[in-house]
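In the order they appear, the protein sequences are chains A and B. Going left to right, the first sequence walks through residues 1 to 493 as the numbering used here numbers them. Going left to right, the second sequence walks through residues 1001 to 1214 as the numbering used here numbers them.
Calculated from the structure, these hints are not laboratory results. In this text, all values refer to a predicted model and were calculated from it rather than measured experimentally. Accuracy of the hints is not assured; some may be wrong.
What follows is a list of derived Cβ distance ranges for each label pair [stated by the list, open to error]:
(1) I129(A) <-> F1005(B): 17 to 23 Å
(2) F174(A) <-> I1210(B): 32 to 38 Å
(3) F174(A) <-> F1005(B): 18 to 24 Å
(4) F1005(B) <-> F145(A): 47 to 53 Å
(5) I1207(B) <-> V125(A): 19 to 25 Å
(6) R305(A) <-> A1179(B): 36 to 42 Å
(7) R151(A) <-> D1165(B): 55 to 61 Å
(8) R147(A) <-> N1148(B): 30 to 36 Å
(9) R305(A) <-> L1083(B): 26 to 32 Å
(10) L273(A) <-> E1017(B): 31 to 37 Å
(11) L91(A) <-> E1087(B): 38 to 44 Å
(12) R1079(B) <-> L91(A): 30 to 36 Å
Taking lysine-lysine and the BS3-like style, the derived pairs with C-alpha atoms no more than 30 Å apart in a straight line are [claimed, not checked]:
(13) K1152(B) <-> K243(A)
(14) K1141(B) <-> K302(A)
(15) K243(A) <-> K1147(B)
(16) K1057(B) <-> K243(A)
(17) K1057(B) <-> K302(A)
(18) K1152(B) <-> K37(A)
(19) K310(A) <-> K1211(B)
(20) K243(A) <-> K1141(B)
(21) K154(A) <-> K1211(B)
(22) K37(A) <-> K1211(B)
(23) K1181(B) <-> K154(A)
(24) K308(A) <-> K1211(B)
(25) K1147(B) <-> K154(A)
(26) K1116(B) <-> K154(A)
(27) K1175(B) <-> K154(A)
(28) K1057(B) <-> K37(A)
(29) K154(A) <-> K1168(B)
(30) K154(A) <-> K1173(B)
(31) K1211(B) <-> K232(A)
Don't be surprised by glycine CBs; every beta carbon is placed ideally from N, CA and C.
Each chain, written out:
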Amino acid sequence: MLLIFLSSGLFLGWSLGANDAANVFGSAVATRMLRFKTAALTCGFFVIIGAVVSGAGTSQTLGVLGSVNALAGAFMVALAAAITVFWMTRLGIPVSTSQAIVGSIVGWNLYTGSPTDWGSLQKIVLTWIASPLLAAMVAMVLYSFYRLTIRHVKVHLLRIDQFLRIGLILAGAFGSYSLGANNIANVMGVFVPVTPFTDFELFGLITLTGVEQLFFIGGVAIAVGVYTYSRKVMETVGGSLLKLSPDAALIVVLAQALVLFVFASEELEQWLLSHGLPAFPLVPVSSSQAIIGGVIGIGLMKGARAIKFKVFGQIASGWITTPVIACIITFFSLFFLQNVFNQQVSKKMVYMIDETLIEYSRQTNCYDAGLDDMSDRSFYNITRFKEQLERRTSLAEQQIKTIIELARYEKFYIDPDLLNIRLKPEMFSVNQLNAIKRLEKITFHYRWQFLNALEHISPEWRLKPETQLNQEYNKTLRVKRNLILEIFKVDNS
Amino acid sequence: MAILFKTTKQLESQIDEFLDAVGEGALVFRHGVGAYLEGDQKNFRQRIEMIAKLESKADNLRRTIENQLYTHTLIPEHRGDVLGLLESSDEVMDTMKETLFQFDVEMPDIPGNLIKYYEELTAMSVSAVEVLIYAIRAFFKDVSAVKNHLHKVMFYEKEADRIGDNLKREVFKMKIELAHKFHLRYFALHIQNVSDRAEDVSDRLSIYTIKRTI
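Construct all of the structure, not just a fragment, from the sequences and the given hints.
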């Protein structure tokens, strides 16, 4: 069964490869600076390396997908996104895979009646505007700088060609590496908790963990997508929209990389802040859109007549239709999956307010006398629960959100057997591990109860105050806290 | 990657060698015509041998360069232009060789009063070729300088035309047989041809240069 579900992730990987490889190698191939085969092989190789080596570190998108809590649901979300991206790829339109996935998740939310995070939706809309604009500006600046340099430094035509070629290969390899690292979570993230693979030793040198093997397979799926189907989108990026010259091809790729690095890199922000420098605002940026922005920027420099606005219109409308189509496909196919194939597409959530929660709500400034009336009643539907909270209490919107988060009624049992099998000692500090061990054989019903108990025993489980400098620390710790919750959660469905 | 580095370096020097061959060919052509006009047969024969060697060297180099450009898919945007440039420069070389060979085969009888015209005409044609070589080198290394050379090619070509006209007028004023007149005119045209070919190359080059700068 798992393999059938896994197939939708692999299909998504394949579509992603077919579409997103154009971001890193499209301009190089379309200008005939690199042969398609060379580009595809380089891209595939580095995608796999990126996926296996640093894919495990990215948890962002995983978090977004985490809300999809049943395997059949996850299958459909991935499949709908894959179908959408594949469709756009057939049309030769470069789209953003993340957008397709977000669209799918919204579809899942709509179908299962879960609340949608409007913040993420706003982010997507901002991406449509910010990425191309920023990339276009960066490309224009880079291109003028390049022209000025070439005019003053006398380099042989063949030498320039060689530098451009090396630049394109390096930028492409680096871009492919990041593509694998950042997107493998989209492709395989939902399957991480259920990986069927065990650790595997390669020639007695490297040990591949189950997750790494899963990511390797995902990486291979992306690479196969690149090799078999990415040519058309590459042509659109590097040829149909505007006939790019080889130097412009490199500028476009560099502009994209720079925009991603400057406006989307938390590492750079951390570094700047820790050196007392002002940081760039973090803007959600998509590489697919940045690359198109870069091409348009070059087109404007060469006189806007060269740009084929009809093609641009097609691409831009593709950005809007992608999430919408993914959302619609998910919605309807979930209906089929649930009613025709009788698969569980979401897990029922139980919400309950008990004495401990009321006590805790006092500490977190969310207490209201109305909560007492609602105590010891179970709610099986988040919307109903929210309605009741709104009617019976006078809590503010944000406080209600907090109560809903706190009232999630689950079961966590610190099973001594699981402790030895599932917990990887290298991921946690000694104090953190000891804290868990001290809670052996205890049962919790709320997440916060479990986490509070951990925090109480060891300060190393505590989050630091939310300043920009602590962002990275808190992010890593949150991943660990979520992992612990996932491991000891008892499935009572 | 290492192969790419090696090929680029090799190609750069091959293109340079090719242009050297054409430039040397022009000098040899000038000395060859000069030797014929002075009646120095030994020198003339040597020049013919030299230009034949240079011409075949240029031919081989051109073929190798073209092959390399296509097998390694180098400079995809300017590949066609570079080929056109090399081939048309090779034609200039061919024209110079052919002309010297014709002197050898037909042995035109040039009256003493016309020698200075032929000398000047040859000098102008050769100057056009020499400046053209500068322009082509600039196309590869310093595009902004190409224009500075190209207008000189035009100038020398016009000069060659002017001198050629004067020469022909002189020829047809002379009281010699009509066949002889035709023969003399024929050779003026041959030498003029060299600067005409150089002008053709420079026309191409100016278009390629515009293409590279926009």
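Right, here's what the structure says about each hint:
1. Checked against the hint of 17 to 23 Å, the pair I129(A) and F1005(B) fails, with Cβ atoms roughly 43 Å apart.
2. Between F174(A) and I1210(B) the C-beta distance comes to about 35 Å, which sits within the given range of 32 to 38 Å.
3. Separated by about 20 Å at the C-beta atoms, F174(A) and F1005(B) satisfy the suggested range of 18 to 24 Å.
4. For F1005(B) and F145(A), the Cβ-Cβ distance of about 25 Å falls outside the hinted range of 47 to 53 Å, so the restraint is violated.
5. With their beta carbons about 47 Å apart, I1207(B) and V125(A) fall outside the hinted range of 19 to 25 Å.
6. As the Cβ distance of R305(A) to A1179(B) is approximately 60 Å, the hint placing it in 36 to 42 Å is violated.
7. R151(A) and D1165(B) have their C-beta atoms about 41 Å apart, which leaves the hinted 55 to 61 Å range violated.
8. Here the CB-CB span from R147(A) to N1148(B) is close to 20 Å, at odds with the stated 30 to 36 Å.
9. Restraint check, R305(A) to L1083(B): a C-beta distance of roughly 29 Å satisfies the suggested window 26 to 32 Å.
10. Between L273(A) and E1017(B) the C-beta distance comes to about 57 Å, which lies outside the given range of 31 to 37 Å.
11. Judged by the Cβ atoms, the range 38 to 44 Å given for L91(A) and E1087(B) holds: they are separated by roughly 42 Å.
12. Checked against the hint of 30 to 36 Å, the C-beta distance between R1079(B) and L91(A) comes to roughly 31 Å, which is consistent with it.
13. At most 30 Å may separate the alpha-carbon atoms for a hinted pair to count; K1152(B) and K243(A) exceed this at roughly 34 Å.
14. Between the alpha carbons of K1141(B) and K302(A) the distance comes to roughly 23 Å, so the proposed pair stays at or under 30 Å and holds.
15. For the suggested pair K243(A) and K1147(B), the alpha carbons sit about 26 Å apart, so the restraint of at most 30 Å is met.
16. With a C-alpha separation of about 38 Å, the suggested pair K1057(B) and K243(A) falls outside the 30 Å cut-off, and the hint is violated.
17. About 41 Å separates the Cα atoms of K1057(B) and K302(A), which puts this hinted pair outside 30 Å; it is violated.
18. Note on K1152(B) and K37(A): the hinted pairing is violated, with a Cα-Cα distance of about 46 Å set against a maximum of 30 Å.
19. Proximity of K310(A) to K1211(B) is assessed by CA-CA distance (about 25 Å); at most 30 Å being required, the pair is judged to hold.
20. Proximity of K243(A) to K1141(B) is assessed by CA-CA distance (about 24 Å); at most 30 Å being required, the pair is judged to hold.
21. Note on K154(A) and K1211(B): the hinted pairing holds, with a Cα-Cα distance of about 18 Å set against a maximum of 30 Å.
22. Between K37(A) and K1211(B), the direct Cα distance comes to roughly 29 Å. Compliance with the 30 Å bound is thereby established for this hinted pair.
23. Restraint check for K1181(B) and K154(A): the C-alpha separation of about 51 Å exceeds 30 Å, so the hint is violated.
24. Taking the CA atoms of K308(A) and K1211(B), the gap is near 20 Å; set against the 30 Å cutoff, the hint holds.
25. Distance restraint check for K1147(B) and K154(A): the Cα-Cα separation of roughly 16 Å lies within the 30 Å cut-off, and the hinted pair is therefore satisfied.
26. Only pairs whose Cα atoms come within 30 Å are accepted, and K1116(B) paired with K154(A) is rejected, the gap being roughly 41 Å.
27. Between K1175(B) and K154(A) the alpha-carbon distance is near 57 Å, which puts this suggested pair outside the 30 Å criterion.
28. Using a Cα cut-off of 30 Å, the hinted pair K1057(B) and K37(A) is violated, with the two alpha carbons roughly 36 Å apart.
29. Between K154(A) and K1168(B) the alpha-carbon distance is near 45 Å, which puts this suggested pair outside the 30 Å criterion.
30. For the given pair, K154(A) sits about 53 Å from K1173(B) by alpha-carbon distance, which is inconsistent with the 30 Å threshold.
31. Between the alpha carbons of K1211(B) and K232(A) the distance comes to roughly 27 Å, so the proposed pair stays at or under 30 Å and holds.
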